[in-house]
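**Student:** Each chain, written out:
2 protein chains.
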Amino acid sequence: MITTQPKKMNVLENGHVTSPKGFIAGGVHCGIRRKKLDFGWIHSEVPAVAAGVYTLNAFQAAPLQVTKKSLEKVHKIQTIIVNSGNANSFTGEQGYQDALEMQRLAAEKMTVEVDQVAVASTGIIGETLPMDKIRIGIAAMGEENHVAAENFEQAILTTDTKTKHVAVEIEIDEKTITIGGAAKGSGMIHPNMATMLGFLTTDAVVDAVSLQNALRQTIDYSFNMITVDGDSSTNDMVLVLANGTQGNEMLNEQHPQWAEFVEALQFVSQELAKKVAKDGEGATKLIEVNTFGAPTEIVAKQVAKAVISSNLVKTAVYGSDPNWGRIICAVGYSEQPILPNKICVSIGDIDVVKDGAVVSFMEKEASEYLQNEVVKINIDLQNGEFGATAWGCDLTYNYVRINASYRT
Amino acid sequence: MITTQPKKMNVLENGHVTSPKGFIAGGVHCGIRRKKLDFGWIHSEVPAVAAGVYTLNAFQAAPLQVTKKSLEKVHKIQTIIVNSGNANSFTGEQGYQDALEMQRLAAEKMTVEVDQVAVASTGIIGETLPMDKIRIGIAAMGEENHVAAENFEQAILTTDTKTKHVAVEIEIDEKTITIGGAAKGSGMIHPNMATMLGFLTTDAVVDAVSLQNALRQTIDYSFNMITVDGDSSTNDMVLVLANGTQGNEMLNEQHPQWAEFVEALQFVSQELAKKVAKDGEGATKLIEVNTFGAPTEIVAKQVAKAVISSNLVKTAVYGSDPNWGRIICAVGYSEQPILPNKICVSIGDIDVVKDGAVVSFMEKEASEYLQNEVVKINIDLQNGEFGATAWGCDLTYNYVRINASYRT
Numbered sequence: 001m002i003t004t005q006p007k008k009m010n011v012l013e014n015g016h017v018t019s020p021k022g023f024i025a026g027g028v029h030c031g032i033r034r035k036k037l038d039f040g041w042i043h044s045e046v047p048a049v050a051a052g053v054y055t056l057n058a059f060q061a062a063p064l065q066v067t068k069k070s071l072e073k074v075h076k077i078q079t080i081i082v083n084s085g086n087a088n089s090f091t092g093e094q095g096y097q098d099a100l101e102m103q104r105l106a107a108e109k110m111t112v113e114v115d116q117v118a119v120a121s122t123g124i125i126g127e128t129l130p131m132d133k134i135r136i137g138i139a140a141m142g143e144e145n146h147v148a149a150e151n152f153e154q155a156i157l158t159t160d161t162k163t164k165h166v167a168v169e170i171e172i173d174e175k176t177i178t179i180g181g182a183a184k185g186s187g188m189i190h191p192n193m194a195t196m197l198g199f200l201t202t203d204a205v206v207d208a209v210s211l212q213n214a215l216r217q218t219i220d221y222s223f224n225m226i227t228v229d230g231d232s233s234t235n236d237m238v239l240v241l242a243n244g245t246q247g248n249e250m251l252n253e254q255h256p257q258w259a260e261f262v263e264a265l266q267f268v269s270q271e272l273a274k275k276v277a278k279d280g281e282g283a284t285k286l287i288e289v290n291t292f293g294a295p296t297e298i299v300a301k302q303v304a305k306a307v308i309s310s311n312l313v314k315t316a317v318y319g320s321d322p323n324w325g326r327i328i329c330a331v332g333y334s335e336q337p338i339l340p341n342k343i344c345v346s347i348g349d350i351d352v353v354k355d356g357a358v359v360s361f362m363e364k365e366a367s368e369y370l371q372n373e374v375v376k377i378n379i380d381l382q383n384g385e386f387g388a389t390a391w392g393c394d395l396t397y398n399y400v401r402i403n404a405s406y407r408t
Numbered sequence: 001m002i003t004t005q006p007k008k009m010n011v012l013e014n015g016h017v018t019s020p021k022g023f024i025a026g027g028v029h030c031g032i033r034r035k036k037l038d039f040g041w042i043h044s045e046v047p048a049v050a051a052g053v054y055t056l057n058a059f060q061a062a063p064l065q066v067t068k069k070s071l072e073k074v075h076k077i078q079t080i081i082v083n084s085g086n087a088n089s090f091t092g093e094q095g096y097q098d099a100l101e102m103q104r105l106a107a108e109k110m111t112v113e114v115d116q117v118a119v120a121s122t123g124i125i126g127e128t129l130p131m132d133k134i135r136i137g138i139a140a141m142g143e144e145n146h147v148a149a150e151n152f153e154q155a156i157l158t159t160d161t162k163t164k165h166v167a168v169e170i171e172i173d174e175k176t177i178t179i180g181g182a183a184k185g186s187g188m189i190h191p192n193m194a195t196m197l198g199f200l201t202t203d204a205v206v207d208a209v210s211l212q213n214a215l216r217q218t219i220d221y222s223f224n225m226i227t228v229d230g231d232s233s234t235n236d237m238v239l240v241l242a243n244g245t246q247g248n249e250m251l252n253e254q255h256p257q258w259a260e261f262v263e264a265l266q267f268v269s270q271e272l273a274k275k276v277a278k279d280g281e282g283a284t285k286l287i288e289v290n291t292f293g294a295p296t297e298i299v300a301k302q303v304a305k306a307v308i309s310s311n312l313v314k315t316a317v318y319g320s321d322p323n324w325g326r327i328i329c330a331v332g333y334s335e336q337p338i339l340p341n342k343i344c345v346s347i348g349d350i351d352v353v354k355d356g357a358v359v360s361f362m363e364k365e366a367s368e369y370l371q372n373e374v375v376k377i378n379i380d381l382q383n384g385e386f387g388a389t390a391w392g393c394d395l396t397y398n399y400v401r402i403n404a405s406y407r408t
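Quick mapping for you: the protein sequence lines, in order, are chains D and E. Heads up: the first sequence at position 83 corresponds to 83 in the working numbering, and the numbers run straight through without jumps. Heads up: the second sequence at position 99 corresponds to 99 in the working numbering, and the numbers run straight through without jumps.
Incorrect hints may have been included.
The list cannot tell twin chains apart, which means a pair is met if one copy fits it or any two copies do.
As the list claims (entries may be wrong) - Straight-line distance between alpha carbons at most 25 Å, and here's what the computed PhoX-like set of lysine-lysine pairs gives:
id	residue 1	residue 2
1	68	342
2	342	69
3	109	21
I should point out that these hints are in silico values taken from the structure, not numbers from a laboratory.
For reference, chain D alone in the conformation it holds in the complex (with noise of 0.2 Å):
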């Protein structure tokens, strides 16, 4: 895992999709939700290369399912439309068909290729997308007052506090590369469900098969390690779009600034992966559990991912509990191979165990770390040489307000 932001690398101050070059991106309020913002676009002035993953939920949404049929046969997007207030899940064929004229709409709309449009939606599930609010966001896209960045991530919220927004520049063959990107996070809303949504732009000319693999690897080690409540939606799928206006030479795994690209797409992603878990539903603290001394990375991330689910856990760092026992029980029950006389935990700087033992610790201080907005609990097994990084979120009365208030 990479763990050091790329030496190279420049963290734009106010960066988004926009930010590398030939991109634009727009948001209005079509109606499906009561007022805000809830339809939203990205163009690219050229088609780019593209790549996507998708949730593994058995049900799949029809958005999901219209992009990546046409995704996989012409591995180009030019234009996303996504659409809040509806997730366009679990409404059969009707909701296929629905997707299906969303992305015809916008091809004809925007002047592109049908396949080159991607879909998404989010929002309510088993309900059929209103077309007739659809059709008026898809009109306004055309209309100048409304292309801004910024609009575009106001649109595709739910129950999200904050729009989540990155970008990075770095140097590829004397050539400044931009990397941006937008995301959404696991908001609730009526009746339904946490849904992701993260969407990459750069500027950089990439190869399709290269950038697929690219994206893997960085949700492998972003979005796939957060986790606000442990449930993951019909409707959760990244997008990443490369339009090559940069003129670089081509950059696949043989460049010999490949790494530096993924490693600058990674930061992209890890940051907006962060945002989402940081802005969890109720959530006060983002939590990174660090794991170290792991014998293969799978048992690295299987650790960190147990203890970032713990209910236990997250609802000790909302009451700034020091309890390491439960750090330790979920260690314990991550069905991992553990050395439990090896075993070290720390709270931020603070041990409080180390090689199986308890550790005398100054529990106010270790208390008073735990007030932090963004709390480190750092595990190693002292068994092998890999690491993993899991973020998520404190578990709060907030979050059972949330989602236990009843849908009307």
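Position chain E against the provided structure of chain D, taking the given hints into account.
**Tutor:** Here is chain E on its own, set in the frame of chain D:
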């Protein structure tokens, strides 16, 4: 899976671990906890054939290690001692020696073989056992006025709000065989953790190997199918003792009434497991998830477990929200082979999804049903013959309150 109550079984009105012949039980306050009973015992007048199952947590507590080792050596238990208030977990070599001494002292006191004493602990982890208090408990084991199953059931509790006990009678070889049981559930005490302890007793004559098989099987359909928060502890253990005082023909897999015995044992285990689930921290409702039509039993179980473990389902039940989308979502991410167009879901008797499509149903009626203390969610995968049942509880403000409060 056995889902119906055995025909010839009689559930005793106020059944306990002492309902089977030849068992006594008791409990006292020995001083580990402030006021509550904290030391209990079960004693059989003769050595009982015994079997046990133990937590899979990598950090297995000292008392489990001691009990397991002895039981594997002699396959018999005559006396069980249990303390609450301190789990003797993560206590290293000192903890192991303390567990051994507990065992030895109780053996002396009750004049039984050392290896025929089982020891169990539940409570705080990472602190060494106050052996002076344990000695006070062991000394009290002879005192008549503390002998009462109710005292035992009280003494093993932590943050449980109720004692959990049950007993049934069945006819085997024209003799009345009784099976009793007591359990404690998922209570958290400072600084730690949910421990599940179960103790089953019977006066039947049972073969040792067959008893182990029967226990393993019934556990898989009872204690292994409940969840409160997904966290499994270092101290979980279930023991079964068969003291043979009823003098039936030896029960084993060849006995014509073996299935009846196993059914009865399973019934007792399931009743205890349900009581544990219903008394989960902060819980207001028992949730039962039934799966049907699965291609294998593993699929049936995994789907049931995914749904019962979903924080989103648990909060929806708390809020009496018939949020079928969250149920579908959890089925979808269970990583099992699901046919999206086949799935049926009902909440109680109210169909909400049929053949992969939403049914228009009376939301008010469904919401009213969800206000019951016991809530059933039924999922038919229409893809095979297998079924499973899992139990859990709702996720409430009180769960967060109990587990977020700082330990001091």
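**Student:** State the violated hints by number, sorted upward, taking the hints as numbered earlier in the document.
**Tutor:** none
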